[in-house]
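Trainee: Below, each chain spelled out in residue letters.
Number of protein chains: 2
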Amino acid sequence: MVDETHRDEEEEHLARQLKARGLRPTRQRLALAKLLFGRGHRHVAAEELYQEARQAGVSVSLATVYNTLHQFTRAGLLSEVVVGSGQSYFDTHVGSHWHFFDKTTGEILDIPEDAIAFARLPAPPPGKVIDRIDVVIRVRRAEPVPEQPLGRED
Amino acid sequence: MVDETHRDEEEEHLARQLKARGLRPTRQRLALAKLLFGRGHRHVAAEELYQEARQAGVSVSLATVYNTLHQFTRAGLLSEVVVGSGQSYFDTHVGSHWHFFDKTTGEILDIPEDAIAFARLPAPPPGKVIDRIDVVIRVRRAEPVPEQPLGRED
DNA sequence: ATTTGTGCAAATCGTTTGCATCTGA
DNA sequence: TCAGATGCAAACGATTTGCACAAAT
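Residue numbers (this note's numbering), protein chains in the order written: chain H, 51 to 204; chain V, 51 to 204.
Hints are computed from structural coordinates only; laboratory data are not their basis.
Check before you lean on any hint, since a few could be wrong.
Note: identical chains are not told apart, hence a pair may lie in one copy or across any two.
To be verified - Okay, derived cross-link-like pairs now, BS3-like style, lysine-lysine, Cα gap no bigger than 30 Å in a straight line:
1) Lys84 <-> Lys153
2) Lys178 <-> Lys84
3) Lys153 <-> Lys69
These numbers come from a predicted model, not from an experiment.
All chains should be modelled from the sequences, with the hints used to inform the complete structure.
Mentor: Have a look at this one:
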């Protein structure tokens with residue numbers, strides 16, 4: 051389903067990007083890059099991207115997916131999204147940004163950049179500079195939860 | 051080093067707190083509560099608290115530390131701080147507040163509530179309510195990092 | 001030909017769980 | 001007494017690592 055020898059324009063572009071950042075444009079890196087950057091913003095977990103890649107007929111191992119995700123992150127092509135201590139998500143959006151997160155369902159929703167604005171921000175601690183600002187708005191279903199009557203403790 | 055039978059005023063207070071929230075004031079819960087709440091605000095990881103407890107001569111297992119941390123969190127005595135996907139931190143400060151986080155050193159610093167103000171916030175997705183808002187300002191040392199000269203990738 | 005990347009499986013890390021034993025009210 | 005807690009060790013899921021093999025320049 052995929053022509054292994056010929057690179058289309060998109061691949062050429064990606065290949066150049068990778069080279070420019072010191073990453074050899076290997077088959078799997080190109081394929082993953084294509085999945086990641088080919089269709090607008092996305093957040094993916096390693097396992098997820100791994101499945102996608104395999105379904106797309108790309109021969110790649112989970113370890114390589116992890117490696118690649120981290121290399122891309124180091125190269126500034128991805129950023130890591132931390133919403134819970136379970137697993138890591140990687141976001142094709144690199145700047146500061148925001149998310150809704152429902153821990154009961156695990157879903158992460160993007161919040162458009164301009165939907166949050168700060169009226170006041172602290173200066174970084176002495177000797178530090180701000181790298182980026184993450185905002186996670188934790189939400190839950192608006193339903194039951196009448197009131198927990200003390201004594202709940204599993 | 052610790053009198054097992056007599057409870058000082060602090061312990062009585064903590065014991066009452068726990069009871070009021072449906073948690074039996076057991077030896078280890080009291081000891082952990084004392085470590086957690088005895089000296090102002092703190093963020094601790096489970097492993098950390100575990101070590102502290104043992105050094106304080108408290109006989110407690112790591113599993114119980116985890117249990118207790120979660121029970122306290124459920125009871126509203128602690129809040130979980132998510133800054134990285136590695137491990138969980140628990141914060142004795144329960145109200146809304148924010149954090150600086152330096153991933154290179156692992157340090158977490160509190161940001162007072164009033165140091166951040168929002169000029170605009172999004173409405174929660176339909177059917178959801180906002181549980182709480184987490185803000186993590188990621189920082190790093192303001193020094194070296196002159197510019198990564200391409201080609202770094204190890 | 002060299003150097004760098006990849007795949008696999010085993011190893012690690014933080015955290016959770018199952019179950020027998022103990023403890024507090 | 002007896003429900004609820006605890007300790008231990010095994011189980012777990014996500015991620016990392018070591019090393020032989022393969023691919024890119």
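Trainee: Which hint numbers doesn't this structure obey?
Mentor: Hint 2 is the one this structure does not satisfy, whereas the remaining hints hold.
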